Structure formats: C-alpha cells, structure tokens
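Engineer: Residues in the sequence shown are numbered consecutively from 0, following numbering that gives the first Met the number 0.
Since the hints were derived computationally from the structure, they do not count as laboratory data. All figures in this text were calculated on a predicted structure; none of them were measured in a lab. Heads up, some of the hints might be wrong.
Straight-line C-alpha distance at most 30 Å; calculated DSBU-like pairs for lysine-lysine [said to hold, decoys possible]:
#, residue 1, residue 2
1, Lys86, Lys146
2, Lys244, Lys180
3, Lys243, Lys204
4, Lys146, Lys107
Label-pair restraints from in silico Cβ distances [unchecked claim]:
#, residue 1, residue 2, range
5, Asn109, Ser162, 15 to 23 Å
6, Ala240, Val167, 18 to 26 Å
7, Ile25, Asn249, 47 to 55 Å
Beta carbons: idealized from backbone N, C-alpha and C, even for Gly.
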Amino acid sequence: MKYQSKQAALLLLNDGTIFHGKSIGIKGTTFGEVCFNTGMTGYQEIFTDPSYFGQIMVATNAHVGNYGVNDLEIESNSIMISGLVCKNFSDFHSRVDSSGSLLDYFQKHNLICISDVDTRALVSYIRDHGAQNAAICTDDTSVEDLKLQLSKVPNMKGLELASKVSTVAPYFYGNSDAKYKIAALDLGIKKNILRNLAQRDCYIKIFPFDASFDEMKNFEPDGYFLSNGPGDPDPLTSAIAVAKKIIELNLPLFGICLGHQVIALANGVSTYKMFNGHRGINHPVKN
Numbered sequence: 000m001k002y003q004s005k006q007a008a009l010l011l012l013n014d015g016t017i018f019h020g021k022s023i024g025i026k027g028t029t030f031g032e033v034c035f036n037t038g039m040t041g042y043q044e045i046f047t048d049p050s051y052f053g054q055i056m057v058a059t060n061a062h063v064g065n066y067g068v069n070d071l072e073i074e075s076n077s078i079m080i081s082g083l084v085c086k087n088f089s090d091f092h093s094r095v096d097s098s099g100s101l102l103d104y105f106q107k108h109n110l111i112c113i114s115d116v117d118t119r120a121l122v123s124y125i126r127d128h129g130a131q132n133a134a135i136c137t138d139d140t141s142v143e144d145l146k147l148q149l150s151k152v153p154n155m156k157g158l159e160l161a162s163k164v165s166t167v168a169p170y171f172y173g174n175s176d177a178k179y180k181i182a183a184l185d186l187g188i189k190k191n192i193l194r195n196l197a198q199r200d201c202y203i204k205i206f207p208f209d210a211s212f213d214e215m216k217n218f219e220p221d222g223y224f225l226s227n228g229p230g231d232p233d234p235l236t237s238a239i240a241v242a243k244k245i246i247e248l249n250l251p252l253f254g255i256c257l258g259h260q261v262i263a264l265a266n267g268v269s270t271y272k273m274f275n276g277h278r279g280i281n282h283p284v285k286n
C-alpha cells in the first residue's frame, strides 16, 4: 500500500533543477551528492552501507518499503545515506521475518526522504548531466535560501570521509582459532565483508583508517584487506603509505571499492571521479 503523505517536499539540484514530491520520514532539510542505485532489492543494505555516507540516494526501483526491514540486513549500525529519493513508498510491508516498517526505521534514524518523484526522469538527468550536490527540503524554506545553503556544501572530489565512518579503536571479528589471520583497514567496512571473511576461516583484526603499518604488521597477519568506504581516495595519505609498505611484504593484499583505489594510488596509478557512478547489484561481468 502506497504511503499517502500530505507534506510537500522538493529536491533541488546544484544546477537549479527542481523535482517536486512528498515528504517521508522526518521533516527538515538535508544535503549531499545525489546518485542512484539500480538494485531492485536490498534497499536496507544500501541505506546502511558506509560507502554512501554523505550521499542522497535515488532508488531506480519503483517500489521501496514493501518488505519492511530486518535487523540482520544491515551493513553498519545506522543509516549512512543523507537522504532518499523514490517513486512509490510503501508503509505496508509483508515478510515473515520483517522486524518493522521502513517508515518507522527512517523516523528512528532521523532520515529525510522525498517520494512521488519521477525517478526515471531524475536518473536520466543525472546520467546526462553528472552527479552533483543536491538538497531535499520538506519545510517552508524558500528556494533562494536553499540555493544559498546548497552552494556551501563541499564537493565530493577531494573530500576525505573515511574518518567519519571508521572505527575509532581496533576490534576483532571471527574465530580466533581460524586458519588465517587478516589485518583489515577500516575505511568504512561493511558487516557482510567481515561475515564472508569469517566464513572462509579467517580471524580478522579491524584497524582504524589512520592506523600505522607497524600496528597492522604486529598482528602478524597472513594477509591484508583495505575496505570499502566513502569519499575521495586522494586525501587518504596515511592509508596510501600503509598500502605501499604492505605491497613490499609480498603478502596477499585485497581491496574493495575505496580500498581498491588506495591500492591503485599506492602503485602510482591515478584515479578520477566518474561522471556518474555505477551503483547496483546487477553489473554485467565481461571478459
């Protein structure tokens, strides 16, 4: 059942383009880089993925909320996106193992959302004009005031965000009697990555984003892992320096997302921001 909101809302893009809709979640204003995800399911994993910190997510799938939420389907302990844009938001959910509605989940985590948006038109616009900063507003702020506030939001390029989502102290995950020991640098690590490593007989020690090489080496790991995360890899000078020293050890080194880019920079390979990122669960694999 589609949620019938009576509160108007708008999405303002940095270039002045406006999309109108209805308010979902809490009322207010939020800012972030607008991007889209083409996954047709798994919205809770997307919303809690630290890689999306500081971004306003557009759901390309027409329906959001119809299977509720489950406490086991989280990638971190809170919602990481700055806001959500969707077409149809459902307050009614149906699933045997659901632990609640998505609307209650949004209100619990203070997320601002706009629904009833022509998301096909919006995604096409982002595809053609590129990712850019945006604002979701559900109050009576004037468009001119909103434009002024939006102009002060920093661009994602050059922005270091790993420190916002990384652990502040080392911790362990998995069975200490496992066959392999892995030292993981947390740039915004997802819970499912840790679960998968543990299922493959790994005992993981997770280090903060700014941990030194010696701290990680003292764990005497069999391999190293650099995690996913948000923001630009260029400002992560400490992580890049650590990656360079790990490479010299000639031990297994694995990076995902931001961690992969850090490894590239450690090898002298430059990175650049894509015009619009590829985010989804249906990427084709081509040899």
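Engineer: Which numbered hints are broken by the structure, listed smallest first?
Structural biologist: none
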